[in-house]
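Colleague: Heads up: the sequence lines are chains A and B, in that order. Per numbering that gives the first Met the number 0, the very first residue in the first sequence carries number 0; after that it's consecutive. Per numbering that gives the first Met the number 0, the very first residue in the second sequence carries number 0; after that it's consecutive.
Do not rely on the hints blindly, as some may be mistaken.
As the list claims (entries may be wrong) - Facing chain B, from chain A, some residues (calculated, C-beta under 7 Å):
id : residue
1  : G46
2  : A57
3  : F59
4  : H96
Claimed, not checked - Restricting the straight-line Cα-Cα distance to at most 20 Å, the calculated cross-link-like pairs of lysine to any residue (SDA-like) are:
id : chain 1 : residue 1 : chain 2 : residue 2
5  : A       : K108      : B       : A171
6  : A       : K215      : A       : Q19
7  : A       : K81       : B       : T169
8  : A       : K173      : A       : R158
9  : A       : K81       : B       : P179
10 : A       : K116      : A       : T127
11 : A       : K81       : B       : M158
12 : A       : K215      : A       : A349
13 : A       : K108      : B       : R224
14 : A       : K273      : A       : K314
15 : A       : K273      : A       : D294
16 : A       : K108      : B       : L178
17 : A       : K314      : A       : P292
18 : A       : K108      : B       : A170
19 : A       : K314      : A       : D230
20 : A       : K273      : A       : L256
21 : A       : K81       : B       : G168
22 : A       : K81       : B       : T157
23 : A       : K108      : B       : T169
24 : A       : K108      : B       : P179
25 : A       : K273      : A       : A349
What the hints assert, rightly or not - Derived DEER-like restraints, expressed as beta-carbon distance ranges:
id : chain 1 : residue 1 : chain 2 : residue 2 : range
26 : A       : T224      : B       : S156      : 32 to 38 Å
27 : A       : D177      : B       : P5        : 55 to 61 Å
28 : A       : G169      : B       : P5        : 49 to 55 Å
29 : B       : L249      : A       : S137      : 20 to 26 Å
30 : B       : S36       : A       : S137      : 57 to 63 Å
31 : B       : R87       : A       : R110      : 48 to 54 Å
32 : B       : G84       : A       : Y20       : 54 to 60 Å
33 : B       : L64       : A       : Y20       : 34 to 40 Å
Hints in this document: simulated from the structure, not taken from any laboratory. None of these values were measured; they are calculated from a predicted model. No residue lacks a Cβ here, since even glycine has one placed at the ideal position from N, Cα and C.
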Amino acid sequence: MSDKLALAPASIGLQRLTKQYGSTAAVRDVDLDIRAGEFMTFLGPSGSGKTTTLNMIAGFVEPTNGDVLVDGRSVRAVPTHKRGMGMVFQGYTLFPHLSVGDNVGFPLKQRGIAKKKRRQLVQEALGTVELDGFEDRSPRELSGGQQQRVSLARAIVYRPPVLLMDEPLGALDKRLRDALQEEIRAIHRQIGTTFIYVTHDQEEALSLSDRIAVYKDGRIEQVGTPSDLYDRPATLFVARFLGESTLLRGEVDASDLSALRIGSRRIPVTNPNKVSGAAIAMIRPERLRLLPPGDATGALEVRVLNEIYLGHVRKLAISLPDGTTGVVRESPGLTSTLAPGDSARLAWDAADAVVLPTE
Amino acid sequence: MTRRWPLWVVVGVIAAWLVAPTLVVVPLSFTGARSLSFPPQEWSLRWYENFFENGKWLASLLNSLQLALIVSVAATVLGTLAAYGLSRHRVRGAGATNALLLAPMLVPSVVFGVGTYALFLKLHLVGTFAGFAAAHTALAIPFVMIPVSSALVTFDSTMERAARVCGAGTAATFWSVTLPAIAPGVLAGAMFAFVTSFDEVVVSIFLSSPYLETLPVRMFNSLEREVDPTLAAAATLIICFTTALIAIGLTASSRRSRVR
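Next up, chain A with everything else stripped away, as it sits in the complex:
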């Protein structure tokens, strides 16, 4: 391996990173430490600041305030082309006048790597994305999925210490997205580079990432592993963004943090953030069980509104005593015979009802 090519994955530190456009802040005081080799995803709705953060890491956008550190050193004064990062964009961005081979070899050429070595590295990179022998094709001849693979090969061919991906699967259809997701995960395992991945698709984030930073209005709302965020969200926004849930509204007394009061009922909950006062208990659909109407182990009386049959499982929309709706996902093999209009008792384990502050 040439010494002009970086090898070791780098850590990225964001310190009070801020980007102000006029009087509105696209990114506000973002602090985050991304470990070397980690797969970090920025997840959030559009306009929440995730792409702006990525662009500041890449050097396309200059921060108004704060700093970006690569392996502990500030890169504020380093222009994009000297940061040595790799990047995959949503729109493929292959150079149309160059062949696939020359596209992948482009970063190597910029680094002054000899032609022979270049050809070998291009071949390896195309092999990694399963496009062996595509060197002489024109990008125009390729499908969207193939083009995105080529741009992935172009981003990894020089073994960048950090690989940035800005909604790389956004322009592809569902089937291709799943296949490429699989490939991206395999490439991450294979090359071990630090990945920073931007998406608004929560399934993608959950299935790919080591950790996820959820963005809202220019700030990071919560950082954690996929299961942290899914099972133990810190806010209602995170809970909603990462999947469906049933929400129970009530009060938590400061003297009894492990119970939610709904009227006269006392419902056992888990309260990792020690929330008190008006609060919401959040339960994921697969953690809920529907029992026959008379069953005393059920905590709440509910009514089935309608069912969605998904093949392997059934999802039921239910009406809660306070008139709001919730959702139950029956596990495979445990489907009940309940039909829309039926009454039932709703049950769950206290550990699965997470108390969140109201918004």
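Chain A is fixed; fit chain B onto it per the hints.
Modeller: Using the frame of chain A, we list chain B on its own:
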């Protein structure tokens, strides 16, 4: 099938109206007579012979060709850089700069000619090749900026980000990614610049001297002093030349866009 012939008649009339005055020159150039009378009574190639044997005519043609070539190179380089700079950097005064650069296209030629003449007299540039080149380049820059700017609008600038992240600096990014993408616009601009210079009469009349005149100036002077059909022969040659140039340009650009 609806009746299309009325449409064709209208199109034919408009086309004839546009082209006829130009084409009248062609038979005139083959006349055997000493005057520009239409239609010609006898036919001859003597005026073409005269064009190529008379030193003044040939010299003016060579002047025009050299000048147009230099102007098209200079205006293409400067116009492309100006369009690129103005599209990529939202600096203060960008709008004003843009308007200023396009002004030579909008200001009446006579006004531009008088101003240039007054200025160049002081700079001793009247009647010099450099003076011609400078004035024509200023006139041609807008004709480069317009096609290049529109090519830049359709060019996806994330391509440039992709190139920079790949390790290409500003200059390398421009050469290896931006320029190939906007090449059709740049070529069109170069062609327009060439024709602008090759065609220019008004400003050139101000700048010419008895020792340095361009082909259009020569033609204009010939009309005033000699009134012989060599003028028509020169005009016919120009028609053939510019038509060929534009035809080549159009086929080249349409082939390019079909590939896309």
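Colleague: Hint by hint, say whether it matches the structure.
Modeller: Taking the hints in turn, this is what the structure says about them:
About 18 Å separates the beta-carbon of G46 (chain A) from the nearest beta-carbon of chain B, more than 7 Å, and the hint is not met. Given the 7 Å rule on beta carbons, the hint for A57 (chain A) holds: about 6 Å separates it from the nearest Cβ of chain B. With its C-beta approaching chain B no nearer than about 6 Å, F59 (chain A) sits inside the 7 Å limit, and its interface hint holds. Because the beta carbon of H96 (chain A) sits about 4 Å from the nearest beta carbon in chain B, less than 7 Å, this interface hint is met.
Proximity of K108 (chain A) to A171 (chain B) is assessed by CA-CA distance (about 11 Å); at most 20 Å being required, the pair is judged to hold. This hinted pair checks out: K215 (chain A) and Q19 (chain A) have alpha carbons roughly 15 Å apart, not beyond 20 Å. Taking the CA atoms of K81 (chain A) and T169 (chain B), the gap is about 11 Å. The hint holds against a cut of 20 Å. A hinted pair counts as satisfied when its Cα atoms are at most 20 Å apart, and K173 (chain A) with R158 (chain A) does not qualify at roughly 29 Å.
The hinted pair formed by K81 (chain A) and P179 (chain B) fails the criterion: a straight-line CA distance of about 23 Å is larger than 20 Å. At roughly 17 Å between alpha-carbon atoms, K116 (chain A) and T127 (chain A) fall within 20 Å of each other, so this suggested pair holds. The suggested pairing of K81 (chain A) with M158 (chain B) holds, with an alpha-carbon distance near 17 Å, which does not exceed 20 Å. A C-alpha spacing of about 29 Å is found between K215 (chain A) and A349 (chain A), which places the hinted pair above 20 Å, so the restraint is violated.
With a C-alpha separation of about 63 Å, the suggested pairing of K108 (chain A) with R224 (chain B) is violated against the 20 Å cut-off. A distance of roughly 31 Å separates the Cα atoms of K273 (chain A) and K314 (chain A); the hinted pair therefore is violated under the 20 Å criterion. Simply put, K273 (chain A) and D294 (chain A) have alpha-carbon atoms about 31 Å apart, too far for the 20 Å limit, and the pair is violated. Among the hinted pairs, K108 (chain A) with L178 (chain B) is consistent with the structure: their alpha-carbon atoms are about 18 Å apart, no more than 20 Å.
Between the alpha carbons of K314 (chain A) and P292 (chain A) the distance comes to roughly 19 Å, so the proposed pair stays at or under 20 Å and holds. A distance of roughly 14 Å separates the Cα atoms of K108 (chain A) and A170 (chain B); the hinted pair therefore holds under the 20 Å criterion. Simply put, K314 (chain A) and D230 (chain A) have alpha-carbon atoms about 19 Å apart, close enough for the 20 Å limit, and the pair holds. For the proposed pair K273 (chain A) and L256 (chain A), the alpha carbon gap of about 6 Å is at most 20 Å, so the pair holds.
A threshold of 20 Å between alpha carbons decides the hint, and for K81 (chain A) with G168 (chain B) the separation of about 8 Å falls inside it, so the pair holds. The straight-line distance between the Cα atoms of K81 (chain A) and T157 (chain B) is roughly 18 Å, inside the 20 Å bound, and the hint therefore holds. Simply put, K108 (chain A) and T169 (chain B) have alpha-carbon atoms about 15 Å apart, close enough for the 20 Å limit, and the pair holds. For the given pair, K108 (chain A) sits about 17 Å from P179 (chain B) by alpha-carbon distance, which is consistent with the 20 Å threshold.
Distance check on the hinted pair: K273 (chain A) and A349 (chain A) sit about 15 Å apart at the alpha-carbon level, within 20 Å; holds. A hinted range of 32 to 38 Å for the beta carbons of T224 (chain A) and S156 (chain B) is consistent with their spacing of about 36 Å. Hint check: D177 (chain A) to P5 (chain B), Cβ distance near 59 Å, so the stated range 55 to 61 Å holds. Our hint of 49 to 55 Å for G169 (chain A) and P5 (chain B) holds, since their Cβ atoms are close to 51 Å apart.
Between L249 (chain B) and S137 (chain A) the beta carbon distance is about 24 Å. The supplied range of 20 to 26 Å therefore holds. For S36 (chain B) and S137 (chain A), the Cβ-Cβ distance of about 59 Å falls inside the hinted range of 57 to 63 Å, so the restraint holds. The supplied range of 48 to 54 Å is broken by R87 (chain B) and R110 (chain A), whose beta-carbon atoms lie about 24 Å from each other. For G84 (chain B) paired with Y20 (chain A), a C-beta distance near 23 Å fails the hint of 54 to 60 Å.
Between L64 (chain B) and Y20 (chain A) the Cβ separation comes to about 52 Å, which falls outside the hinted range of 34 to 40 Å.
The structure fails hints 1, 8, 9, 12, 13, 14, 15, 31, 32, 33 (numbered hints given earlier, in ascending order).
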